[in-house]
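Peer 1: Working from the sequences, and respecting the hints, build out all of it.
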Amino acid sequence: MFGIFGGGAEKLVVQLNLGFGPKGDAVREKLFSMGTRAVPALIKCVANSGGQHTALMRNEAATLLGRIKDPRSVGPLVTILQTTDDEGKQNAARALGDIGDKRAVDPLIAALKDRNSGVRSRAMFALATIRDPHGIEVLASVLHKDTQTVYFAEG
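Using the working numbering, the first residue of the sequence shown is number 9, and each one after it goes up by one.
One or more of the hints may lead you astray.
[Said to hold, decoys possible] DSBU-like mimics (lysine-lysine), calculated; alpha carbons at most 35 Å apart, straight line:
| hint | residue 1 | residue 2 |
| --- | --- | --- |
| 1 | K121 | K52 |
| 2 | K77 | K31 |
| 3 | K121 | K110 |
| 4 | K121 | K77 |
| 5 | K52 | K110 |
| 6 | K19 | K110 |
| 7 | K19 | K31 |
| 8 | K153 | K121 |
| 9 | K19 | K38 |
| 10 | K31 | K153 |
| 11 | K38 | K77 |
| 12 | K52 | K19 |
| 13 | K153 | K110 |
Just so you know, these hints were derived from the structure itself, not from any lab.
Peer 2: Here it is, written out as structure tokens:
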């Protein structure tokens with residue numbers, strides 16, 4: 009079934025630009041099924057190494073890294089939190105929550121001050137998912153003060 013996509017993770021990552029629909033779904037599922045073998049290619053994509061990866065490709069790669077839950081992904085995803093790409097930061101925060109690595113707690117706390125409410129919301133949800141005591145303490149304080157973001161928080 010995946011013969012039309014051929015090759016390893018590097019070739020499949022290029023196909024992430026197919027977006028949504030049967031072919032895009034098949035590419036994402038094939039990369040997910042490769043598990044940790046796909047992680048280096050996905051990390052390269054989210055880092056936009058070489059500048060050839062579109063925003064769609066980077067966001068899809070971040071989502072897949074969260075699903076695979078490989079701790080090698082934490083550093084590159086944290087780097088995305090420090091960019092100006094709001095959608096990328098939202099996807100990175102979600103992926104960091106999915107991975108659940110405590111190294112993401114401080115960068116997610118910093119993301120609670122982001123100008124974009126979507127980024128703040130995803131950071132809140134990620135901190136709640138990770139359940140680190142320090143992160144929960146900060147999150148409780150923010151939730152008490154920031155009712156607008158709480159209203160938009162995902163469940």
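Peer 1: Keeping to a limit of 35 Å between CA atoms, is the pair of K153 and K121 held or broken?
Peer 2: Within the cut-off at roughly 12 Å; holds.
Peer 1: Between the alpha carbons of K52 and K110, is the straight-line distance 35 Å or under?
Peer 2: 22 Å, holds
Peer 1: Sort out whether K38 lies within 35 Å of K19, counting only the CA atoms.
Peer 2: 11 Å, holds
Peer 1: Taking only the CA atoms, is the gap from K121 to K52 under or equal to 35 Å?
Peer 2: Measuring from Cα to Cα gives roughly 27 Å; hence the hint holds.
Peer 1: Decide if the proposed pair is consistent with the structure: K121 and K110, CA atoms, cutoff 35 Å inclusive.
Peer 2: 19 Å, holds
Peer 1: Does the alpha-carbon distance linking K19 and K110 stay inside the 35 Å limit?
Peer 2: The given pair, whose Cα atoms are some 32 Å apart, holds under the 35 Å limit.
Peer 1: Would the pair K38 and K77 pass a check requiring their Cα atoms to be no farther apart than 35 Å?
Peer 2: Holds, at about 16 Å.
Peer 1: Below or equal to 35 Å on CA atoms is what counts here, so check K153 against K110.
Peer 2: Measuring from Cα to Cα gives roughly 24 Å; hence the hint holds.
Peer 1: Has the given pair, K31 with K153, been kept, meaning a C-alpha gap of at most 35 Å?
Peer 2: Violated: K31 and K153 sit about 44 Å apart, past 35 Å.
Peer 1: For the pair supplied as a hint, K121 and K77, is the alpha-carbon distance within the 35 Å limit?
Peer 2: 25 Å, holds
Peer 1: Does K77 pair with K31 here, judged by a C-alpha cut-off of 35 Å?
Peer 2: 24 Å, holds
Peer 1: Between the alpha carbons of K19 and K31, is the straight-line distance 35 Å or under?
Peer 2: Roughly 14 Å separates the two Cα atoms, so the pair holds.
Against the hints set out earlier in the document, a violation occurs for number 10 only.
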